[in-house]
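Given only the sequences and the hints, what does the whole structure look like? Please build it.
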Amino acid sequence: MIYLDNAATTKPCKECVRAVNEAMSESFGNASSLHKLGTSSMQIMARAKKTLLATVTGGKSPFDGGVLFTSGATESNNTALLGSMSRFRPHTLKIVSTAIEHPSVAKVLTKFEEDEFEVLRLAPKNYEDFTDALIDAVDENTALLSAMAVNNETGFQIDVPRLYREVKRKNPKTIVHIDAVQGFLKVPLDGDLISISGHKIHSTKGIGALFIRKGENILPLLSGGGQQNNLRSGTEPVELIAGLEAAVKAYHGDREKFSELKKCLLEELSKLSDIGINSDDDCVPNIVNFSVRGVRSEIMLHSLEERGIFVSSGSACSRGKKSGVLDALGVSDKDADCAIRVSFSAENTPDDVRALCEGISKTIERVRR
Amino acid sequence: MKEIIMVKYGEIALKGINKKTFEDMLQNNIKRRLKLIGQFAYTRNQSTIYIEPQDDNTDMHTVVESLKRIFGIGAIQKCAVFPKDFDTVANNVGEYLKDALADAKTFKVEAKRADKTYSMNSPQIQQALGDAVLDAFPHLAVDVHNPEVTVRLEIRDVGAYLSAKRITGAGGMPVGSSGKALLMLSGGIDSPVAGYMMAKRGLVVDCIHYISPPYTSERALLKVQKLCEQMTDWCGDIMFYCVPFTEIQEALRDNCPEEYFTVLMRRLMVKIANIVCKRDKYGAIITGESLAQVASQTLPALYCTNAAAEFPVFRPVIGMDKIEITEIARKIGTFETSILPYEDCCTVFSPKHPRTKPHIEDILAAESSYDFDSMIAEAVSKTTVRRFKYGEETVFLD
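The listed protein sequences correspond, in order, to chains A and B. Numbered per our numbering, the first sequence finishes at 350, counting up by one with no gaps. Numbered per our numbering, the second sequence finishes at 405, counting up by one with no gaps.
The hints are simulated quantities; they were obtained by calculation from the structure and are not laboratory data. Hints may be right or wrong, so weigh each one.
Claimed, not checked - Straight-line Cα separation of at most 25 Å, DSS-like style, residue types lysine-lysine; simulated pairs:
1. B:LYS389 to B:LYS187
2. A:LYS41 to A:LYS31
3. B:LYS359 to A:LYS315
4. A:LYS195 to A:LYS75
5. B:LYS105 to B:LYS15
6. B:LYS105 to A:LYS343
In structure tokens form, the structure reads like this:
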């Protein structure tokens, strides 16, 4: 099996599996319980928070704030947007975002529009430097800026530290939310609110986090037992949190290796005719989106599947639904119909890439007419 | 108080010399379904099967729901069995008929006396029971012409059977009484409905489906298998033939005029079905074709497809429009599965401009330009078969 769909999800690493196992068999106490089993769970959580805070920005100093454990990125994004905007009144205030957000952000923005907030959704294809465009769009009325660090379909990235710095300089009151699901551990991050997901970095599904900068006030989505400082009621899944921490510590995907794989892929693809590359140099090297013209994405995907090679057509979240993201990035409809997304993990090798291209070549021979 | 179920025959009641064969078949079909729910004793009398649960805790609601899907049944009636003395019946009327009568306005009583030695005759029973009902439910009025509820009492040798609700059965003939046929099942709305309709006429319906990976996906196959599983609710156990069809479709694409693609493909599907029918003794092919619905279902196109068939082709939805077909699909529970978005092999390579009025000569000429026969034999030899059993859920699809 050659797994090249790591932007959809990743295989949990052995360190994560071990940590989950250990926590389930030995530290199964409720973190709110006062006895020592509860205390042990509470300690696992506290340690995991520390690890996450130290890692999230990718810089030398830890993130200045707290961590909220969630069920995943969708909850993190919803909490960030709904929880921070609920104290604002519409009409005079605006929100700046992009046309390439994940539905867990995009659909909340639509709700804000219905509530009569002004929402700007900038499309990268219209700008030379997209980070600049986002900064320029912020003014004194901007309550919130929400942008994804790395796009899940193409790997398109923005310069998050610069964005955060400049936006705060322009309007210190603007809350900056970064959806870092694909960016976490891969690009430098910063922000007032940062969403991450466990299963994209070799941890389990069902766990994510929202980083909240000190001083940011958000309202909870869930009410109940008041866990996590009243911000997210519900018994904390200690085993998943332990797994997340272990995966973060064990993560070893480095940019150089991904760059090498991407280079290899582009070289191999250049030998084939009629290929359009949808991930340019602005994109992270671990996600490569390209169009094999004349072969519909789904047919390519299943044909590669027959050879034990797993890739994605567009974004796995949208299950065959047409994506507006490629359009916002300037990819034609025709090319979008034939778009394939390959996403690497640290386990992939140049041989995997060559096998992929061999499969693509054979599929073209069979299908393209 | 003991509750039993009376099953009244539908069409079988009208049969002559073969009636007993049909009755046996119906009873066996019922037994096969109900044994998944509990143990029952069966007796038959005067176009009625009496089903008596052997355990007081039997879930009678599930029994009725199950019976409602068995073809050959005209009506289903739950009834209470009392000792034959009339006073006991009269004393229990209020309690047993509460659900049926509390919210009704009018009623009438029908009495039958199979036991002719009984001390009261039918009109007398009707009169006395009517009084008992009115005593228990004084708000009711008698309406012999158009009653909301008909209370029935049958005096039989073994006891008095009281009931007030008659549920319409699925009708038709018992599955198996007409032989067996092969349904060309796709992932769409129409073919499961066609299968249901022919099972209703007493056919055992098995299914044949054509897959074209990588052009069609694993999920598309799961969807069709789910449909098959859902059809077992009405059809009983179903054999599912799955034919690998990719190479034939590719050969068609590469060697035949594009505008004829769909009709040629349909013909080759029928030819494969012919072979399976001959080998496994099916007497007919069933399809979900509906006249004029798509390009391959125009009269000239159907003529060309039909010409490939060596068995009668039943097209029960041929004269129905989509709304009517959809209504049945909803009723039989396949609609929600049918509308899942996975593409099936019928749409792979479908031409942009299909010929709606193909001539059989042109079709035959195109078909003979390539050696499809050996490919057909190959596809049949690689066909897999799987049995979907009534009451077993093995396909999970979200």
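How the hints compare with the structure:
{"no.": "1", "hint": "B:LYS389 to B:LYS187", "in the structure": "23 Å, holds"}
{"no.": "2", "hint": "A:LYS41 to A:LYS31", "in the structure": "14 Å, holds"}
{"no.": "3", "hint": "B:LYS359 to A:LYS315", "in the structure": "16 Å, holds"}
{"no.": "4", "hint": "A:LYS195 to A:LYS75", "in the structure": "23 Å, holds"}
{"no.": "5", "hint": "B:LYS105 to B:LYS15", "in the structure": "24 Å, holds"}
{"no.": "6", "hint": "B:LYS105 to A:LYS343", "in the structure": "72 Å, violated"}
Of the hints listed earlier, the one the structure fails to meet is number 6.
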